[in-house]
Structure formats: structure tokens, C-alpha cells
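Novice: As given, the protein sequences belong to chains L and Y, one line each in that order. If you count by this note's numbering, then the first sequence holds residues 1 to 376, one letter each, in order. If you count by this note's numbering, then the second sequence holds residues 1001 to 1376, one letter each, in order.
Hints were generated in silico from the structure; no laboratory data involved. Values in this document were obtained by computation on a predicted structure and should not be read as measured data. Some hints here could point you the wrong way.
Chain Y stretches covered by chain L per the calculated footprint, using a threshold of three residues with CB under 8 Å from any CB of chain L [to be verified]: (1) 1281-1291; (2) 1301-1307; (3) 1316-1326.
Calculated pairs, EDC-like style, for lysine to aspartate or glutamate (alpha carbon to alpha carbon, straight line, at most 20 Å) [stated by the list, open to error]: (4) K102/L to E1070/Y; (5) K1026/Y to E1053/Y; (6) K341/L to E355/L; (7) K1225/Y to E1368/Y; (8) K102/L to D1213/Y; (9) K332/L to D82/L; (10) K26/L to E70/L; (11) K1341/Y to D1163/Y; (12) K1102/Y to E282/L; (13) K1102/Y to E186/L; (14) K1225/Y to D1213/Y; (15) K1102/Y to D82/L; (16) K102/L to E1282/Y; (17) K1332/Y to D1163/Y; (18) K102/L to E1186/Y; (19) K1155/Y to D1339/Y; (20) K1102/Y to D163/L.
We put the CB at the ideal spot given by N, CA and C, even for glycine.
2 protein chains.
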Amino acid sequence: MRSRAAVAFGAGAPLEVTEVELDGPKAGEVLVEIRATGICHTDAYTLSGADPEGLFPAILGHEGAGVVVEVGPGVTALRPGDHVIPLYTPECRECPSCLSRKTNLCTAIRATQGRGVMPDGTSRFRTLDGVPILHYMGCSTFSNYTVLPEIAVAKVRPDAPFDKICYIGCGVTTGVGAVLNTARVEVGAKAIVFGLGGIGLNVIQGLRLAGADMIIGVDINPARKAWGERFGMTHFVNPAEVGGELVAHLVNLTRTPFDQIGGADYTFDCTGNVEVMRAALESCHRGWGVSVVIGVAPAGAEIRTRPFQLVTGRVWKGTAFGGARGRTDVPKIVDWYMDGKIEIDPMITHVLPLERINEGFELMHRGESIRAVVAY
Amino acid sequence: MRSRAAVAFGAGAPLEVTEVELDGPKAGEVLVEIRATGICHTDAYTLSGADPEGLFPAILGHEGAGVVVEVGPGVTALRPGDHVIPLYTPECRECPSCLSRKTNLCTAIRATQGRGVMPDGTSRFRTLDGVPILHYMGCSTFSNYTVLPEIAVAKVRPDAPFDKICYIGCGVTTGVGAVLNTARVEVGAKAIVFGLGGIGLNVIQGLRLAGADMIIGVDINPARKAWGERFGMTHFVNPAEVGGELVAHLVNLTRTPFDQIGGADYTFDCTGNVEVMRAALESCHRGWGVSVVIGVAPAGAEIRTRPFQLVTGRVWKGTAFGGARGRTDVPKIVDWYMDGKIEIDPMITHVLPLERINEGFELMHRGESIRAVVAY
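Can you build the whole structure from these sequences, using the hints too?
Specialist: This is the structure:
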């Protein structure tokens, strides 16, 4: 069949909106009509050419929502008409990782997904001239229709709006999940969020949901202060305004008359900057502070610190897809959105047709959007 | 009163065994007759001059056991005759750290302890000429008699032998506690221990106690293979024999037919070498492996890794005094020793009189001792 898609033909070039050929679902696969997709920094990272694992030509996009159109042989968990969210982190429930009960990082199709193909080793996409086009993160939501492995699809309630819940396919789940699944923040905690973009704001609303007392947002963009406050931030710190002593400033901010040590119970890096990751760790409270790396660092960049930071009780960890199991947890987050426990609508700052998808990237690069969504 | 002591008059010089003057206990303090003390790498680190926080002249030693001789005004938890272990990590049960229920790193007397004095800001030790001598880690067990804050003393059962349980004052608790308190290793786990010295062997017996399935020891000293096996090690790896691909070798060793990802559930650095700390982290299993830093690194040394290691689920943490609360947990570890749940006797390879304490340091530097103990 044919599908409209924004194709990345090469690193650094704008996406090209065109028709592509798409094969139907093979065994264990489903065909999904994507109704909406977010534009995320990870798409931009790969498109820029900075991602050493980036492959071209490919159809990017990994934050979508849509409807199952057709299922391949052997598919049992889904049927045509189901409303779904594609999962770049699948959940097979059978691999060592899924069965460990300790991680969401299912490894069932990791190798082929990394090579831009379906589990059988081939792509479903090609140009009208027959040149194969690769899948991206197993999702390729920048195509109106896409094929996904059954284990990489979360079935969600049918009354949720596509142009909002697509954001649960990455940003919302990553941010909220980092708080609830990875850090397991408790009521009354003090937390610091570094970087108030599309992930950081979701960390903030995750902290509000978890009942944190103090939610400090850190960003060099003063316009993000109002954004953070909109979702529960209690304090804003602009590093440019604290004279280079960011860690000391943050630790001081968390001191109380009783606790003169200071430091946050939990910190979250949502920047991808390794120097910020270090500051996030070192802003943690001695004895128990936990710092969670969410941002994706440039290729080859390394985090560093004195081991004394760990020996005195700080914990350095990371999260991917917010520690969420896609098929199990994503439908719950959709419910939370529909029940008003979390917000999405105000974060969707721009909705564009596919033809204007490159504008969405520009809005993101200029820091003007929180989330730009393409509605098909 | 007078006490025999081994005094560190300066960095890099041998200890001098001499008589010193010791003031009696002030309010909240107790006088303890030290009956035995271990010699630990941390003493050697400070004595060498490499410790930027080292102060001289001082009476080193922090791994002792003895008997309370006299108590100062207001002391309620101890009385003369009590058998005790001095605690370089006190437990006041009233500070923000003790009340957090998340750390053992009591901060009640941290500032004064770091300056080598009692909580009132003064030292109890001086030379016969009246020159003040500093305390060390709040313990100074290289003196036959020493004064300690009440909160820095664990009362233990009276039938336990001093020349064995002194080791619980640091090495045993640090190693066993890292497994039980910090890593919380579960039955069936796979673990790797880097460095099979006085700490590493205790990590190994902690892993045996916790029911780990696979206990891999790593050391460049082949003589340590037999030592590791003595306490429960199931596999030995000499980095010199695996061709520079230590991490890959270790990950491979932990693979199973079902789990082809590989990596340890828990790893422990007992070397203080920051490159080893990195290898320990990167030998952890994707998704959930936890690496615990125990060793003390040289001043200024930094650990580093790609943040991808954390984002894909590995956790980097550290431990001090094995995460043990001194007054609460140390008496239990003494019970475990007396009940045969853990071993100490074979690790005490040398017992020396105070006059030969410098020989104990030499044995340690040459890798000939696991633990040399001074018996008064």
C-alpha cells in the first residue's frame, strides 16, 4: 500500500514529505494508521547526523498514537480498530529482561530494531522506486501508516485524543516514569529538575503527582520559569544568575534549620549535558540522594565525578522510557491523563500537518515549542 | 593518665611507639582500654601523606576492640566493664542522617572528628612534653587507652575475643555490610568482587551469607585465588590472564543459555582504583546491575563512564562502613561471628605486639597479610 511519510534521506537534510510503499504486516506484526505524532529531540539528534547509530534513508518518529488497521498471522493481543501507542521499548514478557522484574528494557527485538528493520531482518518501507527505507526505533511514526511488531504496541482506551496521547509514547512516560518507576520518589521529598523542556516538565508533573514538597527547576531559559510553575515547580533557579556556584546554591536552597547538610533527595538530568549530569549528582543529599540521568549525551561524552560522592551515599542511575513497561504501564498513563491526574494539553504548543513537519523541528531548536505534534 | 601508643608524628615516617598523656573522659565520653586493633589500608593511606585530610601528629588506628574503663558525666548507654568496639562512623540516633532511615552516615560529630578532636573541640592526647596529639577517625586505636564519644561506641557481647572482633570495627562490617545493607543482594544473584584483600574477602563471605549463586573474584595476585575460595568464591579471574578484555571476559562468564546479555547483578570495587571502578560498573548486567564502590580512591581521582551505561539500567553507588549503623548493627555482626555465620579467624594472618606495629604495615604493603592485628 502507499502511505504519506516524512522521509529522512540523509543526515542534516530536511525531511522530505512524499509517498512511500509499505508492505502489510507479516507474522506477529500489525499495521497501524498513525493519527498523530510528536516531534522529539531524539528525532532531531538522529536527523542531525550526530547519532553514531543513525541510519538513512529512514522514516523517523517514535512518539505516536493511532489505530490498528490490520494484523498479521499469529497476532492475538490486538485486532483492527484498537487504539494504540507504538513502543520503541517493546514488552515481550518472555525475555530475560522482561522476566527479571527489575527492568523495562526488553531485549526481544533489540538487534533488529537497532538495524532499522523488523524482527525478520527486512524493512516494510521502500520508495516508489523500490529503494528500501529503514524503520526508526521500531516505530517510524512520521509515516501515516506503519508496521510494528505486536510486542511493540500498547493498546489504550478508545476515547483518548490521539493528538494528546501520542506524547505518552515518549516524553510524558519518560518524565513521569523516571519519578515513579526509576527514582520511586516518596511524598515529602525534595527534588531538582535540570532542563525544563518536553521531558523536564513531565518530571515536574511526576513529582507533583508523587507528592514532593520541594520541586526546584533549573534552566538557562528564563521563559521556562512560568512553564515549570504551570506544572508544579516550587522554585526556579537560572544558573546564569547564581554566579557559577550552582551546586552550592542548590544545596543551600534545600537546607532547613534541622538539616544543615542540605542537598536534594532526588535530582533529574533532562539536558543530555554531561557537566549538568555531574552537577545533578553533586546536588544530591549526602547519605541518600539519588540522581537520575534521563538526557541523551553526545556520542563519546563521559560523565565523571570523585568516587567520594558515591561513597558518601549518593546514587547515580539512569532511565530509559521512564522505566515503564510499554504494554503494561502506558495504558495506565493514558488513564491518568483522562482522569486528570496528569496534564498534557498545555504542553502541546503546536499542531501541524505533515507537510509542515520541518517547522516543528525549527520550533524545537529555537526553544519555542514544548511539544509540536503532527496530526495526520 | 599515661598510655602506650604508636604515634604518627609526620607523614611518611614510621610510627613511634611511646608513652603519651591521656585526659579522662569529659561529658558524654568514655575511656576505653583497647585490647586489640587491626591495621587497615586507610591507616596506611593517611600515614603515607597521600590523604589530603591527614593531620599530624596523630594516633592512628580505627579498627579496635576493648573494655570501657570509665565513663564521663551524662553517659547512660555504657558502663565500666562493657566490651565495646569503637566506631569511626557514630550513631547518634538524633541527627537528620540517623533519622532519615536512609543512611548510616551520622553527622552529629563529623566536623570535629574531621579535625582530629573530640566534640568539644579539644584533644585528649598529648606528648609527655605537653604537645597536643590529634585523634584519628574519632578512634585512635593505636593507643592502649583512648577516649571516645558515647555515640561512637558499640557495646558487644562479653564472650567474643578481642583479637578477632576488632576486625568488625572496619573490614568485616564494610565488606559484609556492603553486600547486605548497600547492595541488598538476593539469593541466587551473580556477583563480581574486584580486589581480594581485607575488604574483598569479607564481601565474598557476605555474598556467601546472602546466598549468591556465582561469586567471581578478580585480583592480579594469583595467591588470592585460594583465599577467595576459602570464603565462598566460585570463580577466579586474573586480569593479567584475559588479554586486556576484562569486562568482556566477565560479562561472558555470567552468560547463560537463556540470558545471552550477560553481566553481573552486583559488582563491588575493593581496590580504590578508579579504572577498576569503571570496569566494575561496566561488568554489571544491562537493565539492573548495581555496582558498589567501597575502595578509597587517591585524592583528586575521578571515576568516569558514558552515561549510556546508566541510561541502560546500571546503578552506581558507594558505601561507607558497609552501610551499617554502628551501635545497632555491629553487635549483630559480632553475634554472627560467634554463631559461625561469618568467619574471621583465618583472615587474621598476623598478631603482633604494639612494638612491632610497623611490621604490620609492611606485611600489608607486601600483600602478605590479610589482616595484621596488634594485641596489647
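Novice: Of the numbered hints stated previously, which ones are contradicted by the structure, given in increasing order?
Specialist: Hints 4, 5, 6, 15, 20 are the ones this structure does not satisfy, whereas the remaining hints hold.
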